[in-house]
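For reference, the chains in residue letters:
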Amino acid sequence: DTAVSQTPKYLVTQMGNDKSIKCEQNLGHDTMYWYKQDSKKFLKIMFSYNNKELIINETVPNRFSPKSPDKAHLNLHINSLELGDSAVYFCASSQDSTFSTTEAFFGQGTRLTVV
Amino acid sequence: DAKTTQPNSMESNEEEPVHLPCNHSTISGTDYIHWYRQLPSQGPEYVIHGLTSNVNNRMASLAIAEDRKSSTLILHRATLRDAAVYYCILRDVRSGAGSYQLTFGKGTKLSVIP
Chain A
2 DTAVSQTPKY LVTQMGNDKS IKCEQNLGHD TMYWYKQDSK KFLKIMFSYN
52 NKELIINETV PNRFSPKSPD KAHLNLHINS LELGDSAVYF CASSQDSTFS
102 TTEAFFGQGT RLTVV
Chain B
176 DAKTTQPNSM ESNEEEPVHL PCNHSTISGT DYIHWYRQLP SQGPEYVIHG
226 LTSNVNNRMA SLAIAEDRKS STLILHRATL RDAAVYYCIL RDVRSGAGSY
276 QLTFGKGTKL SVIP
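Going down the list, the sequences are from chains A and B.
Last residue of the first sequence: number 116 in the numbering used here, and the count goes up by one each step with no gaps.
Last residue of the second sequence: number 289 in the numbering used here, and the count goes up by one each step with no gaps.
It is worth saying that the hints were derived from the structure and are not from the lab.
Take the hints with a grain of salt, since some may be wrong.
[Claimed, not checked] The calculated BS3-like cross-link candidates involving lysine-lysine, where the alpha carbons are at most 30 Å apart (straight line), are:
(1) A:42 x B:178
(2) A:42 x B:244
(3) A:37 x B:284
Predicted model, so just to flag it, every value in this text is computed and none were measured.
So that you can see chain B by itself, here it is in the shape it has in the complex (with noise of 0.2 Å):
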């Protein structure tokens, strides 16, 4: 089961930073925070990954909190096509198999305002 927190829904202009929140305060020292997005109609698409330190990348930067149970997912400036559900992960275990999965939650909604 997803072991994430994220608002259902959030709205931003565009042009304008838009800061994505996502809580996992049960997240053990070894989970990798995973963002994911899916435009309409299309299949997820990876936006970054980070362990502890703060990532950034040409989608986006991953604020990861001190403690790790918290992480901000920041687009600098907005697009139409932002627009999406953006998914909050952490990687799961799979016991015994030796290997780990990534378990959707129900994101985020992001709408962006002309």
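Bound conformation, chain A alone (with noise of 0.2 Å):
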């Protein structure tokens, strides 16, 4: 079974379209994150949400909103998407955001291309 899933595993689109990523963790865990990896390689935080409320909230333009419906989902909605957008994006989960303890579980990515 697969713990944190990502959909779509690709998404190719054009400039100004608002897109979404949606992501499920089957694992239970309180945490749930989004990462982006651009095309140098490096990761970097974006949201991070727990039980439903946000934590974690890096400077990322206001055209991405993340939604949580409930524990197990954290969805990513971008709105007029940018060529510099494109890169992969990464969920994640943890039992809780305290990492003593605890470890987090990434999902496959989503290759976001915008043309």
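Dock chain one against chain two, each of which comes alone in its own frame, and use the hints as you go.
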């Protein structure tokens, strides 16, 4: 069984479009995250939710809006897509956000290409 | 920002042990040392983590220096499947949020030679 699953795996879209990436975890974790990995392979955190509440919101354009309908889901909606949004987006989850006895589980990523 | 320093790349022969170093000279007493790896075209994968004592699991061993300013991830027998980018991470406290995050640095790209 897939622990953290993202859909779609690939997404090609035109500039200016609005798109969503879905993420689901079946681990019963309380905390979920979105990371962005750019073409230089740097992996940067974007958002973190704990029990459906936003706890981390890095400097990300307002065009990016995370939504957590329940603890098991954290979706990422992107408005007015730009060329610079092209990247691989990873969803992750962890039991809690202490990272003392917990580890993070990552999805397989969504490769977004904006043309 | 990442508070660890790792070599950009390393090579190992297949079936030989690999020692991946990490320096974290500004580590605080409550910082856990985490290691993740990212295989090509996959998401990061947890490897191991520890606080003060050396740790072993089915994937690897983590040796932590007595002063905790450095650590070494040990893969006992490298296989081709171990070729990946290995990240050494200190959990980052989020002030005012009462939580932590994992901030990834550049990592070490490990190549395994058959």
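Verification of the supplied hints:
1. A:42 x B:178: holds, 18 Å
2. A:42 x B:244: holds, 26 Å
3. A:37 x B:284: holds, 19 Å
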